[in-house]
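Please model the complete structure; the sequences and the hints are all you need to start from.
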Amino acid sequence: MDSLPLHLLNEILLRADLSSLAMMRSTNRSLRSLISNDPYFKSKYFSQLRSGLLHMATGGSSMLYHHSFGDPRSPRTKDNLMECRILASCSGLLLLYLNGQSLLCVANPFTKKFLFLNHIPRSRTMDSRDPYLNRGDRMYIGFAVDHIDRTTQSFKIVSMKEEHRSHNLWVYEFLINTGGSWGLPKRVTCYPSELDYRMKNPIYLNGSLHWLRKDGSIIVFKPETEEARLIQFKFPEKLSLKTLFASDDKNLVLISATEDVIKVYALENSFTTDPKWVLSRRIRNGVLDKNIRNRWNVEAYDGKYLVLRDYSKDQMVHGYDMTANKWGLMGPGRFYPTLDFFLFTPSSSYVIGLDQNDDDMVLHSDDDDKRFSSLSSIMELAIGGLDKFISPEEHVSFG
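Following UniProt numbering, the numbering of the sequence shown begins with 1 at its first residue and continues without gaps.
Simulated pairs of lysine-lysine, DSSO-like, Cα-Cα distance not exceeding 30 Å:
1) Lys222 <-> Lys161
2) Lys276 <-> Lys263
3) Lys263 <-> Lys250
4) Lys304 <-> Lys250
5) Lys234 <-> Lys186
6) Lys263 <-> Lys238
7) Lys214 <-> Lys161
8) Lys200 <-> Lys234
9) Lys186 <-> Lys200
10) Lys156 <-> Lys250
11) Lys222 <-> Lys263
12) Lys200 <-> Lys304
The calculated label-pair distances, taken between Cβ atoms and stated as ranges, are:
13) Asp368 <-> Ile283: 45 to 53 Å
14) Leu6 <-> Arg295: 52 to 60 Å
15) Thr178 <-> Ser373: 21 to 29 Å
16) His7 <-> Phe235: 43 to 51 Å
17) Asp369 <-> His167: 50 to 58 Å
18) Glu194 <-> His147: 32 to 40 Å
19) Thr189 <-> Ile12: 53 to 61 Å
Calculated from the structure, these hints are not laboratory results. Ideal Cβ positions, reconstructed from N, Cα and C, are used throughout, including at glycine.
Given below as structure tokens:
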């Protein structure tokens, strides 16, 4: 294969599965260099990988689970972590919160690069409680990841706070962190309406974060320009109680599900004076036992996969492949009343600001040791078997 032109070699390798790549990498030195170190190849290969599914108990846990699409066996797990919580996932990066240490962490599990950040100031909350240990507070944390070029990314964390100035006037305040300190607040004033619980996270799409409100309007905040605005929409008629606010690669999406059918609505013309939700797809809901009735929910969607979880005895997780148009069993879930689910596809990109490595890790206490050990375990689980493609110099030692 060494004599093949590079473009033809790339075409062959991009069609190979992970096990075949691993074998070629271990037996051929030139292929090993291409597979592990060529930024174009890694970027292209990762862009076509299937998503994995991470889930953890809402409010934080010492245990994390990973499901692989097409593999119905029990999920892979990591236990005995320092209690933590996944706040968001975007473009191959994870935003984590370490319970008890009041620390945020941005991590790229594939490159093993990460950055610890100071917690959002307590004055941001409406009371003295820790904001990240309460159900629903993920709605106030935006995570924005942008591609500067094919192999480079940057990130921003946005904290949103709502203030009820009067019965007909609300103010939304935004703070931004790009890896250092929190910037000065930016504000937008509008008529009152609460955030919609069908939004698990604000959605980052086309350079803006989107917060859904109960009246159907959407708050749009663009981190790059620090501009906020309110867009008014009407919900589609007869949305089910099991509705999820999400996105695909191009549009904001509402998933409205019943026991029989799942409807996918895409938001069209969002930058015009006539935005509207349009029914783009119907999916037959044929995976649920009729006996469980309302004991299930839509958990995640990214345009490629749709995830349902039932609350029956076996707590099964089901995935729908939007390209293959078929359902698959992803295996059993876990017996928590509430779980946070994240579709995650690793990224090999360099991320500006994520430069911490073993040289920066001075372990002053047992807590430091637990923190780095937990982070290492989370990153290892998130990428599954992909760690075999990281060249030795890219690994980080945690100890």
